[in-house]
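2 protein chains.
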Amino acid sequence: MFEKITIIGCGLIGSSILRNINNNEISKSITVFDKSKNVVETIKKENLCSNIAKDIQSAVKDSDLIILAIPLSSYKEVLLSSKDAFKKDVLITDTGSVKKEVNKVFENLNLTNISWIASHPIAGTEESGPSAGFKDLFKDRWTIVCDTKNSNKDKVEKLKKFWEFLGSKVKLMSIEEHDHILALTSHLPHAVAYNIVKTAINNDEKFRDEIIKYSAGGLRDFTRIASSDPLMWRDIFIDNSENVIKILDEFSKNIDDFKKAIIEKNGDKLLKIFASTKNVRKEIIQAGQDVKSPDFGRKKN
Amino acid sequence: MFEKITIIGCGLIGSSILRNINNNEISKSITVFDKSKNVVETIKKENLCSNIAKDIQSAVKDSDLIILAIPLSSYKEVLLSSKDAFKKDVLITDTGSVKKEVNKVFENLNLTNISWIASHPIAGTEESGPSAGFKDLFKDRWTIVCDTKNSNKDKVEKLKKFWEFLGSKVKLMSIEEHDHILALTSHLPHAVAYNIVKTAINNDEKFRDEIIKYSAGGLRDFTRIASSDPLMWRDIFIDNSENVIKILDEFSKNIDDFKKAIIEKNGDKLLKIFASTKNVRKEIIQAGQDVKSPDFGRKKN
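Those sequence lines, one after another, are chains A and B. Counting along the first sequence from 1, when you hit position 242 you're at 242 in the numbering used here, and nothing is skipped either side. Counting along the second sequence from 1, when you hit position 70 you're at 70 in the numbering used here, and nothing is skipped either side.
Some hints here could point you the wrong way.
Identical chains blur together in the list; that is why a pair holds if it fits in one copy or across any two.
[As the list claims (entries may be wrong)] With a straight-line Cα cutoff of 30 Å, these simulated DSS-like cross-link-like pairs (lysine-lysine) come out:
#1 37 to 272
#2 206 to 282
#3 278 to 35
#4 259 to 269
#5 272 to 246
#6 272 to 259
#7 206 to 100
#8 269 to 100
#9 269 to 76
#10 282 to 139
#11 88 to 28
#12 44 to 83
#13 76 to 4
#14 282 to 135
#15 278 to 253
#16 76 to 278
#17 272 to 206
#18 246 to 260
#19 246 to 278
#20 259 to 278
#21 76 to 265
#22 206 to 139
#23 54 to 83
#24 206 to 259
#25 265 to 100
I should point out that these hints are in silico values taken from the structure, not numbers from a laboratory.
Sequences are here, hints too, so could you generate the full structure?
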């Protein structure tokens, strides 16, 4: 399918791709590049890839598929330092959680003779780094591929096949639609999780130990989400600020309505809210996006 | 330890107690009462208890430990219909999530010759009903026992031993402290979970299918919490309204600060929030209240 694949960035997502494609069925050769010495040491120690590039230019040279699995705020620097070595017609994709801003980075660089098509595998855990990755991370999950009217159709098809090879299902979607839906399904829940944990802990320093101790009543589940990679989430909230702010405004309105129902002891209104949200869970389980006993897509021990 | 234990209400919590104590080590006899025909049928079918009382008066008669495992809004009715049959000096406890209001119910009934000592096992899943219960639900979890200055010390000790027999750790605490801490660790997360799911779904009916499909990015975890028993949660929010409103106000302030940081693209402020919440999770794991790969206290298959 490819002569050479290059993975830039070898954290949870990059290393999971690497663990999955590490054979000759999909590409004659696979090269990885990561600027972190610790990450490179882990790749060597765990024997994840035999071609670890020393510099980014040799990493991308002759590659016909480059995958950016790096923080959103690093795209510009990585592209600037590697673009002169790109092979003609190289397919460049990514794994980032927001598309509009990084798409602007590509547009502003005005790169010719490349095919940039954004991807977003909706998969991950609250852990980060190459040791957290695993082969089946993408299995039965969705990957969103953002094609545009200018996208080369053959390349889109090739990228689709690539993600399917990793076990993922693929959905084509516009950049705008992607950023809106992800703000609802992922960025809103994360924003709120951070603020729940902050509220619970800051509320009363004197009860901190008690709050940790009795966290099994709900809080602990939010701390899982609120322990995701801080750098990644800083970039996501800033890159998708417009959608996130709009949705947080609506969320705040719903919280105000909810408070009103509690103050008025309006049990019927509360029951109505709870019944509707209970149904959503059923639909998610039916859609195969969760199981009754979730393992949160983690590595099986 | 007891001559006769009576469990009123045989849902997730009541049936889990029943499954655990169903032998002669702790009590000579165990009686259960539930007003739902469906629940009684399940108890019979699953052979959970041989003494199923037909009416509440015979259920509590001669009992020296009565456990109320019923919705908070049912306490008054249950006590009114059973109080005339209470054995002298019976120990009455419960498993409810809020204490202040039900304590008032006891005070207003002015029952003499009974020992009312509230309990709250911090254990449960998002499921409900007797089939969802399991023997080890309380294992390594905390149970809060609310003693007051009037509590009979021997009875408090006996109740503590009872929960320890079920595998639970026990903490003594005042009613006020209990209701404050639970508002932070349990009622706030649940209130927010319902509102996240409501916001995500109501936002745009046209994207409903997409939102379900791509829920693996965070939303699905909140739908688990937001699918807990609606009746139970209606009662909790109304009974603990004072604490819940106060904490939701603080939460809303934190959300507003968070929005401000996003609008100002203040990455350092965002990173500071994320780093502090990441530490909380470490503390929870260290405190043994979660594992790196949580199973949410569910039944092992």
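- prompt: Does the structure break any of the earlier hints, and which numbers would those be?
  reply: Those not satisfied: there are none.
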